[in-house]
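Could you put the whole structure together from the sequences, leaning on the hints where they help?
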Amino acid sequence: MLKTRMQLLFYLSAIGLAVFLGIHMAVQHLNNVLATGDTAPTSWLSMIGRATQNGWVVIYILMLVFGLYHGLYGLRGIIIEMTKSDKAINLVNRIFIVGGIIIFAWAAYIPIALATR
Amino acid sequence: MPDKETSVTFKVQRFDPEKDKQPRMQEFIVPTRRGMTILDALLYIKENLDGTLAFRTSCRMGICGSCGMYINNYPRLACHTQIAELESAVVTVKPLPNSPIIKDLAVDLQPMFDKHKSIKPYIVQENKTEESNLTHEYVQKPEEVEEYEQFSYCIKCGICVAACPTSASDAKFLGPQALGQAYRYCADSRDAGSAERLTITESNHGAWRCHLAGACSEACPKGVDPGLAIQLLKNKMAKQALAGPQKNKKVAIYPEPKEIKPRVAVPPFTAK
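These protein sequences, in sequence, are chains A and B. Our numbering puts the first sequence at residues 1 to 117. Our numbering puts the second sequence at residues 1 to 272.
The hints are simulated quantities; they were obtained by calculation from the structure and are not laboratory data. Every residue gets a Cβ at the ideal spot worked out from N, C-alpha and C, and that includes glycine. Take the hints with a grain of salt, since some may be wrong.
Some chain A residues close to chain B (C-beta under 8 angstroms, calculated; not the full set) [to be verified]:
(1) M1
(2) K3
(3) R5
(4) L9
(5) L12
(6) H24
(7) Q28
(8) E81
(9) K84
(10) I89
Have a look at this one:
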């Protein structure tokens with residue numbers, strides 16, 4: 001039941017995305033409404049400050065995982081719906097797995113490098 | 001709305017793969033009467049106007065599922081659709097979409113039947129010899145029958161497949177008919193084949209490709225609601241993926257009769 005588990009992860013990642021995008025909105029764009037205390041949350045200094053905190057690094061990486069998985073798995077679903085050949089579907093799967101890992105490694109490097117500098 | 005004395009123009013799609021390159025529309029004027037169905041009109045055309053018109057029909061009462069057609073741009077049973085209910089002076093009749101055309105209004109439903117067969121549309125028994133040679137009678141409670149009863153009314157007319165947007169874009173998609181029937185058998189308390197059936201329905205072109213448009217449920221002439229069946233099937237698949245194969249409760253078997261009761265005697269003939 002691998003495909004079903006992957007589909008459930010697809011739904012789970014959507015919930016995760018909603019949660020983390022909610023945090024992002026609350027901290028960066030609704031600071032006046034929610035009175036988060038930070039007067040300029042979108043300034044460079046404020047963002048670098050958050051990026052050096054471990055909690056935020058975890059949030060950024062989880063958001064990346066959820067966003068990448070949800071986006072790539074959704075796109076794969078659209079492509080395989082249009083694909084008749086099983087060989088082509090296998091090729092699409094491989095491209096998405098390899099592409100996803102490369103994008104993740106590249107994008108995860110930035111918050112990790114910022115946190116450890 | 002056509003009255004007793006009026007006529008209706010029928011635009012019928014014609015296509016003979018041996019002669020035509022493209023389908024074309026042909027017009028017929030059909031005199032209508034109260035209660036006349038689209039099938040009655042097609043039979044009138046065949047008997048009086050053009051005997052070469054090809055379409056499939058059998059029971060004329062919405063049971064056999066033969067006369068599914070695309071009537072006024074919506075999939076319907078021709079025998080189950082009265083001309084009056086369309087409230088139109090022009091009626092277009094085309095073959096069901098998402099299936100190859102054999103001739104005129106007759107489509108090849110073999111792909112749908114192949115998909116239907118692939119999901120094992122029968123009670124799978126743990127004991128395989130019991131499957132072909134039943135030795136017991138099973139007891140089902142009314143609430144156990146209710147679990148699948150609605151979905152067992154499918155007449156395999158192909159209307160849900162014609163209405164389905166995923167079937168239109170993905171020819172390999174199992175389709176609402178097969179997936180609905182997969183749930184019908186998985187929900188049957190006598191069945192022991194859920195695990196293998198759910199493995200089939202989770203394929204690349206299986207239940208997870210359903211976008212829940214609901215067009216199948218809206219179009220189904222028997223009220224089967226295949227859209228609901230697919231959602232319940234997804235629920236079963238999720239449970240199996242997370243907690244392993246879910247077995248139905250062991251269904252009770254009627255005990256072997258210990259004695260044979262003598263037949264009640266025929267009452268004496270009283271009339272003289």
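Here is what the structure says about each hint:
{"no.": "1", "hint": "M1", "verdict": "holds, 4 angstroms"}
{"no.": "2", "hint": "K3", "verdict": "holds, 5 angstroms"}
{"no.": "3", "hint": "R5", "verdict": "holds, 5 angstroms"}
{"no.": "4", "hint": "L9", "verdict": "violated, 10 angstroms"}
{"no.": "5", "hint": "L12", "verdict": "violated, 11 angstroms"}
{"no.": "6", "hint": "H24", "verdict": "violated, 28 angstroms"}
{"no.": "7", "hint": "Q28", "verdict": "violated, 33 angstroms"}
{"no.": "8", "hint": "E81", "verdict": "holds, 5 angstroms"}
{"no.": "9", "hint": "K84", "verdict": "holds, 6 angstroms"}
{"no.": "10", "hint": "I89", "verdict": "holds, 6 angstroms"}
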